[in-house]
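Trainee: If you read the protein sequences in the order shown, they are chains E and S. Yeah, the first sequence ends on 154 if you go by our numbering, and it's all consecutive. Yeah, the second sequence ends on 390 if you go by our numbering, and it's all consecutive.
Worth double-checking, as some hints may not be accurate.
Unchecked claim - Quick list of simulated restraints, FRET-style, between CB atoms:
#1 E:Glu22 with S:Ser368: 28 to 38 angstroms
#2 E:Ser103 with S:Leu285: 25 to 35 angstroms
#3 S:Gly322 with E:Leu123: 29 to 39 angstroms
#4 E:Leu2 with S:Pro197: 14 to 24 angstroms
#5 E:Glu22 with S:Glu321: 23 to 33 angstroms
As the list claims (entries may be wrong) - Chain E is nowhere near these chain S residues, computed Cβ spacing over 10 angstroms in every case:
#6 Asn195
#7 Lys256
#8 His261
#9 Ile335
#10 Ser368
Said to hold, decoys possible - SDA-like cross-link-like pairs, simulated, lysine to any residue; straight-line CA separation at most 25 angstroms:
#11 E:Lys30 with S:His215
#12 S:Lys226 with E:Gly47
#13 E:Lys10 with S:Ile169
Honestly, the hints are just simulated from the structure, not real lab data. Owing to the predicted nature of the structure, the values given are computational and were not obtained by experimental measurement. Heads up, the beta-carbon is just placed ideally off N, CA and C, and yes, glycines get one too.
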Amino acid sequence: MLFLLFRLGKDRYALDTAQIAEIVPLVSIKHIPHAPPGLAGLINYRGTPIPAIDLSQLTLGHAAQPRLSTRIVVMRCAFTGDEMRPLGLIAERATETLRREPSDFAPSGVNAEATPYLGPVCLHHDQWIQWVQADHLLSAPMREVLSAAPAGDS
Amino acid sequence: MAALVDVSSSNQAAIHDCWNKIGVRGDGSCPALEQHVHCRNCPIYSAAASDLLNMELPAGHMSLWTAHVAQKQATAEATGAQSVVAFRVGAEWLALPTSAFKEIVGHRTIHSIPHRRNGVVLGLVNVRGELVVCASLTELLGLEPTAPSRPEKHQLLHRRFLVIELEGVRTAFPVDEVHGIRRFHSHELGEVPATVASATATYIKALLPWRDESIGLLDEQLLIFTLNRSLTLATT
Numbered sequence: 001m002l003f004l005l006f007r008l009g010k011d012r013y014a015l016d017t018a019q020i021a022e023i024v025p026l027v028s029i030k031h032i033p034h035a036p037p038g039l040a041g042l043i044n045y046r047g048t049p050i051p052a053i054d055l056s057q058l059t060l061g062h063a064a065q066p067r068l069s070t071r072i073v074v075m076r077c078a079f080t081g082d083e084m085r086p087l088g089l090i091a092e093r094a095t096e097t098l099r100r101e102p103s104d105f106a107p108s109g110v111n112a113e114a115t116p117y118l119g120p121v122c123l124h125h126d127q128w129i130q131w132v133q134a135d136h137l138l139s140a141p142m143r144e145v146l147s148a149a150p151a152g153d154s
Numbered sequence: 155m156a157a158l159v160d161v162s163s164s165n166q167a168a169i170h171d172c173w174n175k176i177g178v179r180g181d182g183s184c185p186a187l188e189q190h191v192h193c194r195n196c197p198i199y200s201a202a203a204s205d206l207l208n209m210e211l212p213a214g215h216m217s218l219w220t221a222h223v224a225q226k227q228a229t230a231e232a233t234g235a236q237s238v239v240a241f242r243v244g245a246e247w248l249a250l251p252t253s254a255f256k257e258i259v260g261h262r263t264i265h266s267i268p269h270r271r272n273g274v275v276l277g278l279v280n281v282r283g284e285l286v287v288c289a290s291l292t293e294l295l296g297l298e299p300t301a302p303s304r305p306e307k308h309q310l311l312h313r314r315f316l317v318i319e320l321e322g323v324r325t326a327f328p329v330d331e332v333h334g335i336r337r338f339h340s341h342e343l344g345e346v347p348a349t350v351a352s353a354t355a356t357y358i359k360a361l362l363p364w365r366d367e368s369i370g371l372l373d374e375q376l377l378i379f380t381l382n383r384s385l386t387l388a389t390t
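Hey, can you work out the whole structure from these sequences and the hints?
Mentor: What follows is the structure, encoded as structure tokens:
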């Protein structure tokens with residue numbers, strides 16, 4: 001399996017590339033008033049509005065830095081029911097990939113009730129890399145906001 | 155897309171370009187070269203690339219990319235585009251779906267299998283240490299055998315082996331020439347004329363116009379069926 005590595009603060013995290021449709025540079029975002037924290041807004045992806053989650057905002061409480069290496073990872077996620085919808089993830093330093101088997105990952109042993117998207121961990125260059133499971137990224141308030149919005153695909 | 159990053163700006167001052175001074179583009183005196191051979195294998199080089207990517211957004215970068223990402227993209231599935239690899243066997247230009255290809259390798263010796271001669275199975279070839287059954291498309295498709303005259307030397311240079319994987323079975327087919335990958339839309343395809351009496355016509359599902367001729371798109375399902383039958387005959 002191929003993973004895309006990115007950073008949240010100093011730590012590195014991984015996303016499964018099988019779910020990634022495209023990685024695009026940082027584009028301008030239309031903010032949504034009263035959106036739950038982490039939901040950065042809407043981006044225009046190939047002519048359709050898709051929601052974008054700022055992973056730094058979601059986990060660390062501050063917005064991702066506007067840099068060249070900060071990119072929007074367009075994922076295909078089943079975040080409302082079974083329907084696959086595109087979801088943009090704003091990730092810092094999304095510049096590297098890593099090849100690992102799912103069996104290389106070990107359970108983190110940390111209770112992840114509040115953060116169900118944080119999955120198992122694996123070692124890479126003496127650093128723990130945590131697998132971020134995009135299907136579980138959206139919190140209940142986010143799902144509520146997005147289920148009211150029309151689907152991006154049409 | 156034009157280069158959007160102006161690396162000559164002040165951002166570069168922070169990057170110590172040792173590869174231009176003591177590395178492969180400099181005088182080559184860096185002691186780490188012994189271990190890494192080339193600067194591109196060195197962690198300092200990749201760290202510099204990472205630092206370069208980590209710089210602030212240049213002016214106009216975001217608006218340019220916003221416009222670019224907002225454009226509709228014609229995807230292969232949406233437009234019905236297909237891709238095939240075109241190759242020549244004798245005088246015939248044929249094609250198989252690109253997805254069926256494992257690789258295309260240079261010409262190599264075919265090791266014949268004793269007592270297994272039915273024309274279709276030519277023998278075994280060694281592809282990266284793996285023995286792959288080598289079959290003749292000329293025999294399989296009932297093509298006109300190539301002229302027995304000695305082929306020119308330059309023609310021999312174009313000979314390749316197509317390594318095809320269909321239904322989990324790998325087979326190598328010797329061909330006289332490989333043109334490469336062709337992309338087309340289904341509306342470009344032509345019907346196979348009903349008047350074509352050759353046995354090849356059975357295996358060709360459509361014709362793709364190309365230059366002054368046409369490429370016959372092979373029906374890979376029928377091909378694998380016939381091949382499997384020939385293999386069974388060859389091994390019983």
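Trainee: Which numbered hints does this structure break?
Mentor: none
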